[in-house]
Amino acid sequence: MPAPIRLRELIRTIRTARTQAEEREMIQKECAAIRSSFREEDNTYRCRNVAKLLYMHMLGYPAHFGQLECLKLIASQKFTDKRIGYLGAMLLLDERQDVHLLMTNCIKNDLNHSTQYVQGVALCTLGCMGSAEMCRDLAGEVEKLLKTSNSYLRKKAALCAVHVIRKVPELMEMFLPATKNLLNEKNHGVLHTSVVLLTEMCERSPDMLAHFRKLVPQLVRILKNLIMSGYSPEHDVSGISDPFLQVRILRLLRILGKGDDDSSEAMNDILAQVATNTETSKNVGNAILYETVLTIMDIKSESGLRVLAINILGRFLLNNDKNIRYVALTSLLKTVQTDHNAVQRHRSTIVDCLKDLDVSIKRRAMELSFALVNGNNVRGMMKELLHFLDMCDPEFKADCASGIFLAAEKYAPSKRWHIDTIMKVLTTAGSYVRDDSVPNLIQLITNSVEMHSYTVQRLYKAVLDDISQQPLVQVASWCMGEYGDLLVSGQCEEEEPIHVTEDEVLDVLEGVLVSNLSSPITRGYALTAIMKLSTRFSSVNRIKRVVSIYGSSIDVELQQRAVEYNALFKKYDHMRSALLERMPIMEKTTTNGPTEILHTNGEAEPSVRDSKHPPNIPQPSSQANDLLDLLGGNDVVPVIQTELPTKPASSGGELLDLLGDLSLSGVPAPAAPISVSQPTFLLDGISSQPLFNDVAGAIPPMTAYNKNGLKIDFTFERSNSNPNVSVITIHASNLTEVDMADFVFQAAVPKTFQLQLLSPSSNVVPGLNKGTVTQVIKVLNPQKQQLRMRIKLTYTHKGSSVQDLAEVNNFPTQSWQ
Amino acid sequence: MIKAILIFNNHGKPRLSKFYEHYTEDTEQQIIRETFHLVSKRDDNVCNFLEGGMLIGGSDNKLIYRHYATLYFVFCVDSSESELGILDLIQVFVETLDKCFENVCELDLIFHMDKVHNILSEMVMGGMVLETNMNEIITQVDAQNKMEKSEAGIAGAPARAVSAVKNMNLPEIPRNINIGDISIKVPNLPSFK
Chain P
8 MPAPIRLREL
18 IRTIRTARTQ
28 AEEREMIQKE
38 CAAIRSSFRE
48 EDNTYRCRNV
58 AKLLYMHMLG
68 YPAHFGQLEC
78 LKLIASQKFT
88 DKRIGYLGAM
98 LLLDERQDVH
108 LLMTNCIKND
118 LNHSTQYVQG
128 VALCTLGCMG
138 SAEMCRDLAG
148 EVEKLLKTSN
158 SYLRKKAALC
168 AVHVIRKVPE
178 LMEMFLPATK
188 NLLNEKNHGV
198 LHTSVVLLTE
208 MCERSPDMLA
218 HFRKLVPQLV
228 RILKNLIMSG
238 YSPEHDVSGI
248 SDPFLQVRIL
258 RLLRILGKGD
268 DDSSEAMNDI
278 LAQVATNTET
288 SKNVGNAILY
298 ETVLTIMDIK
308 SESGLRVLAI
318 NILGRFLLNN
328 DKNIRYVALT
338 SLLKTVQTDH
348 NAVQRHRSTI
358 VDCLKDLDVS
368 IKRRAMELSF
378 ALVNGNNVRG
388 MMKELLHFLD
398 MCDPEFKADC
408 ASGIFLAAEK
418 YAPSKRWHID
428 TIMKVLTTAG
438 SYVRDDSVPN
448 LIQLITNSVE
458 MHSYTVQRLY
468 KAVLDDISQQ
478 PLVQVASWCM
488 GEYGDLLVSG
498 QCEEEEPIHV
508 TEDEVLDVLE
518 GVLVSNLSSP
528 ITRGYALTAI
538 MKLSTRFSSV
548 NRIKRVVSIY
558 GSSIDVELQQ
568 RAVEYNALFK
578 KYDHMRSALL
588 ERMPIMEKTT
598 TNGPTEILHT
608 NGEAEPSVRD
618 SKHPPNIPQP
628 SSQANDLLDL
638 LGGNDVVPVI
648 QTELPTKPAS
658 SGGELLDLLG
668 DLSLSGVPAP
678 AAPISVSQPT
688 FLLDGISSQP
698 LFNDVAGAIP
708 PMTAYNKNGL
718 KIDFTFERSN
728 SNPNVSVITI
738 HASNLTEVDM
748 ADFVFQAAVP
758 KTFQLQLLSP
768 SSNVVPGLNK
778 GTVTQVIKVL
788 NPQKQQLRMR
798 IKLTYTHKGS
808 SVQDLAEVNN
818 FPTQSWQ
Chain W
240 MIKAILIFNN
250 HGKPRLSKFY
260 EHYTEDTEQQ
270 IIRETFHLVS
280 KRDDNVCNFL
290 EGGMLIGGSD
300 NKLIYRHYAT
310 LYFVFCVDSS
320 ESELGILDLI
330 QVFVETLDKC
340 FENVCELDLI
350 FHMDKVHNIL
360 SEMVMGGMVL
370 ETNMNEIITQ
380 VDAQNKMEKS
390 EAGIAGAPAR
400 AVSAVKNMNL
410 PEIPRNINIG
420 DISIKVPNLP
430 SFK
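Protein sequences, first through last, are from chains P and W. For the first sequence, this note's numbering assigns the number 8 to the initial residue and increments by one for each residue that follows. For the second sequence, this note's numbering assigns the number 240 to the initial residue and increments by one for each residue that follows.
With the rest of the complex left out, here is chain W (with noise of 0.2 Å):
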């Protein structure tokens, strides 16, 4: 059973934090500080496991974290997940991201923290994986989101205009536009690995 989800950056600042088993506020957020501090010490060619802090059950549990960029996904498991398999979980659950964000960064997770709780809740549901296939999970919450945006009114007008846009089927952006002796590259933005 996983026991708690947690993201947060390289200096300990929490961009999502799910728990599947009870603990007190203070305990949530000390247990964010403590495994930011477990996690931050080790080095970039370590295995990805670690005996789980005092707070959240000991070596009992452990914690499996994958490092991106600015972010740590760390996944806080009992003994009846496989480790191997939480890693790739943890890999398909930032492909998602990536895909329902367009080249997700930092700035999209923390401006849109309810939105990853409604992706996070397709794919984990109480402590146990519910769905690991991209593309019904990519499925269901535009599903959602579309209802939601059914729902708004005049107020999710600026909101349908931009999908409308996005939508518009516009021919593949070129790579390097070429007017005359002026040579624009296109950045490559960088993928998730």
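Next up, chain P with everything else stripped away, as it sits in the complex (with noise of 0.2 Å):
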């Protein structure tokens, strides 16, 4: 078989390949050839044939096949053998392969080889992929070779070390006594890395680091020596004297100063002179400068001392390179939460980095700012940044718009200054506007109660414009839903009012619901904007035609919506008025929307805020008529949710069904439990906890009923965090021998009250007062009215199903006042 071709030859045959095909083709060829020659257990070619087989993997090809044969390599004798063996090693094999554990004992030999470029060789290799293994048995060697007098084993030892120490922190205390000489080494390179290695143990471990804190003089004095030596070729770079050595010992410094008084000031002297004297004409002194400015802010410095690293930090950003602009405004940020006022004076130079072209320097520049931002320079940074936001990139706009919002809440100056802020972010970046703001907006629209005309104005002319923004155009339609009238009747104190006529505006709501741009949670909020019209407009014929063609839309949201209204326009009507009412100042719960808790006294809310919401589960709507009354289930589970209920009209439904049929025939038991999901009650915030430890106050219990040795006691609490609702629990007891089982209580409010039964405690009514059945009932009372209850009672006693019905009138006025 001829010669395996040199590696040379094969990189000239593969830069002829024009084509990638030619090329794989090309390569396949040679793999086959290496792969005979591999089986032919060649010694002489094995190093040409893996060299070629890592320039293939290099560009891509796959080459495991070459593993063993790297450990074939390093067996070897020769020098030029292993140094391949080794590369390719370092190139194919990882902890993950097996193999790679049988190159242990060879690395070991070599550790003890008496070529010094053997055993560098072998220390590179173990110090790039050693695994743990690996390491715990050749920890012993690297420790050696860390005390040899020969710096280019030395230094190769100490970076070794420090990979160990990565892979297995246990044997960090090995090293340790290593450790005692290497500050004392002429060689920068040994410096250089046992530098490296001192940090590294000290970041693992804080008794290390207190171990290592004497040696804070020892580095001072090194360093001192750097800057003051003359000019040394061996280590300059660009005029400076190793500046490499110089940034790490500086980096080793700031992590012993961290926290610690004394190292602190015995440092105070060493980085002002460096911070003075450095030039900063090229990269490497601002390199030098830079690391002394992070070393000044962590460690504790004297004052005068942090304010000189600020002003280098600000004469960084005056900088042409950008480079060196970039590294300000990183440690700009860092420091800006504990140097607020040092970093405020270099505030135009920041605002002034927005407008360059550079992505990163924008990046970092926008982040600044928006720390920045006070009470004092909201109004020009907001500006500053509208502009940013209008020319930026998209991958900004998100970022900036939330950023913009978070200022402008903290920091807004008046009411009309932020809601105009809001609306130009809208208007700029509408499409890029993060999901729950739109909730946290229009929160914020209701509660500046004086501006409703001027905000719904203006968002108006804004939807004329434009409707392809969702958030937007969420906003507005829900704004002219609630304020319409406001809208038409062409009052605004604040701005030229339009004349706009009801037609227009339900122009503009129905363009809405039938443009394709318009997401589905934009028709909803549309649809339900039309519908609160109805009781604000006098056109409704048009708004009632609107509603019941989107009765059979194909969206099953918007289908479900339309029906309802049309049932609320139909069999309701007398209660739209009060369903559609104005809505109150909300409260907010936190300072992200989606957890938004609102309270509506009585009135059906049904704009679903966004997909966020858990699924409801679906009910018809034909349960409007049929409503799920509370006289209905046995084992009445209600879930009191905190979120809106999208049936508006059931839980009118229910109210009237309480006291209208009470027939005592008509109500089943229904075998299963009819699954609520809507609560009947809305309650803000008393969320799933069935009773509260409120007020139990003085409110005496009564007994409601007591008939054929059933007896029935009401005790009363008043919930802390809902003046309006009343908690009762009932107190069911048996006095005759028999037990009562089946027991089922249920009541009815009359209409102005809303009521919600618990699960009892059990069924069963043990005989002669061994225990009672315990119920809660939730009652809401808004209008504060005098609290009637007729109670409908059923139990099994002695074989026979038992029915009653009664009325309870005689509840003490503390428990509905």
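These aren't lab readings, by the way, just hints derived from the structure by calculation. All values reported here derive from a predicted model rather than from experimental measurement. A hint or two may mislead.
DSSO-like, lysine-lysine: derived pairs with alpha carbons at most 30 Å apart [to be verified]:
(1) Lys338(W) with Lys329(P)
(2) Lys193(P) with Lys385(W)
(3) Lys85(P) with Lys405(W)
Here chain P is said to cover these stretches of chain W; the calculated rule only asks that three of the stretch's residues, wherever they fall, bring their Cβ under 8 Å from a Cβ of chain P [said to hold, decoys possible]:
(4) 278–289
(5) 321–328
(6) 349–360
(7) 375–387
By construction, the Cβ of each residue, glycine as well, lies at the ideal position given by its N, Cα and C atoms.
With the hints in hand, could you dock these two chains into one complex?
Spelled out as structure tokens, the structure:
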């Protein structure tokens, strides 16, 4: 078989390939040749073959069949072989292949080789890809080499030790004695790697950190020598003596001085010296200065030094070199929390950086600008930031918009300014705004009562121009629905009122409904807005028409809404005005929208915020008639939801039926519990606790019913969080000898109240007063009327079923006032 | 810690790739491609720092690169390295290559990939900077190359002849060879900045 071609020829051949396919062909051919050569166990050409294999690996072709060959090369005696073998091991092998453990013995022998270069290559490989097991086995050898006088090996051993510590942190103590003399070296290479080793140890263990603090004076001395020494051709880089070592030492000083007063004091002088003496014309000097600044900021330096550091950063900002500016912005971002005032001085420069062409600089400047906004400069900064929002790339817009909202919320000087700013953001970057900002904005608008007409007018104008930006359209539809009457009436204090007719408003909303640009959520908003206008506008017929059209829409959400609104028109017209009243002021529970809980006193607010709502169990709207009334379920487990019911009509229906159909026979005891998805009871925040530790007040209990041996007592509590809510606990006890089984308690209240029944403790009332059945009733009494209740009891006693009705009127005044 | 060192040309072809953290072969190639995409989009007068791509660790890692003629030198580092320091390191690396290969160009890197690896392993070990003194590095590399040559036997004869000529201490090549009416200007080979 002819001698395998040299690496050079292979490369030359591959370069002549014109297409990827040709290249692949050549490589495959060569791979086959290499494989057969490997099979022949040819020692002379193995190293050549592996070299070629590595080249092909770099181009991206699979080369795993060469792994064992690398091991064979490592075991060879020739340096050439070893070198390529180790290189191959570093490139092809890693700790996931079991093969790598075979290397351990070879490396061990090579670490004790007579030639320093062999030792060096072995150390290099161990330091690059040594696995935990290998490190454990060979740590002793590494430690021995760390103490050798050969500086070439010593520096390699130091870095290898770092790798060992990273892989097996427990071995750190082993290297401790060897570190004693490391800093006494003259050789910069060894110094450099020793500092790296010390840094690694200090970062990993606070004990080591304390131990090495005593080295601070020595480090300061070394640094001083570096700065003061004249020109030394060996270590010079652009006129500065070994900047890499200086940077490393500064970093180690930072770690040692953090939080420690004594060390920080020892460093103050040298830091000041470095900061003032370093030449800043080249990148090298700036690198050192940058590191110095970071160190000054991290340790407990005196204030003069800190001011010096920030000024250096400020000078960096004005530098022409982009890299320097980038670096300055990054470090200012880190320090803005602690030294806010000092950074403020450079605000104008930072704002100028927003206009830079470089993407990285723009991003840093934007983040820093947001950090610098405060009550004094908010107007100016906002102007700049809004301008930036307009001009920037799409990747920034979302972050910028959120940042502007947050800043505006915190520092808005006036409500009008706040609303103006929000409008501007919505119109410039409307489609990039986060989903949860829509509810936030709506809440903000609702709360600024005096601005309603101004807001709705501006939103109307904006929507006339452009309906493609969903958040804008959503907010606008909501506002038009709520404040449409203000819009049409033409009153506006802040601005010149515009003349808008009802039809124009409805046109716009219908336009949103039919447009292709609108998302389903936006359509939902629009439909609800139209519905709300039915109580505010006079052209009800048009609205009725629109609503009935959507009753057969393909979109299930829209269809459901439309059908319910239709029902509202038809059957429950008398309730419509009450349901569609103006929204009250909303309380904010958190600063992030989705968990917002709205009070709606009896008003059904069907505008679901967004799809983040957990899906309500969909109920066909025919249930609006059937209702799930409270007199129905046996095990009614009402889930008190904090979200809003989407079935306004059904809750209205229930209230009706509570008093209407208390037909004795009519109420079946349903076998299956009817799933309650909508709360008939809108509580705020008292979510899932059935009872609250509230003022148990001095409300006396009362006996509601006492007949045939069944006695029912009511005990009362008032809720702290909502004064309109009373909690009644019934206690049913049985004075007869026989138990009462299948006990069901039902209650009904007049229209103005709302009732919620929780599940009873049990169905059996044991006889002879041996126990009681308790059940909790919650009553919402917004109008503070006299509480009246009709109760219905069913149970089985002595084999026969008993039913009874009663009225309870003698509620104590404290329970409902 | 340095996560990876990549050298590729203006078309994205890798000329050197060294990873100090383990990735599968596929991932390595993807990283090279992704890095090339990120870096080639950059203008020439923007800063030399970029956030790392998704594959190489996202925004925790930075790409620090320098563009020399037809080659991009990219170092992917994490936050423990000083960005400006790495820029200087790239400069030292290129200058070392220049010294070792005499006015290095892309072809040198292509045909002597193993030598470039050897030089690199004298500078960076296990993701950490080992030696930054150019002369020191070159001395070590030369010594090791000598060892290799002494083992090479007969196959190394041509290489030995070439190095013998190089070491012959010829007088300096005159810039301008003037033979009567013919004036030949010796081109000034571009040096790397």
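Each hint tested on the structure:
Under the criterion of a C-alpha separation no larger than 30 Å, the hint pairing Lys338(W) with Lys329(P) is consistent with the structure, at around 29 Å. Our distance criterion of 30 Å between C-alpha atoms is met by Lys193(P) and Lys385(W), whose separation comes to about 27 Å. In summary, the hint linking Lys85(P) to Lys405(W) is supported, as the alpha carbons are separated by about 26 Å, within the 30 Å threshold. Look at the region 278–289 of chain W against chain P: 7 of its residues bring a Cβ nearer than 8 Å to a Cβ of that chain, three or more, so the hint holds.
Under a criterion of three residues with beta carbons nearer than 8 Å to beta carbons of chain P, the stated coverage of the region 321–328 of chain W is upheld, 7 such residues being counted. Evaluation of the coverage hint for the region 349–360 of chain W: fulfilled, as 7 residues show C-beta separations to chain P shorter than 8 Å, against a requirement of three. Given a C-beta distance limit of less than 8 Å, the hint that chain P covers the region 375–387 of chain W holds, as 6 residues qualify and 3 suffice.
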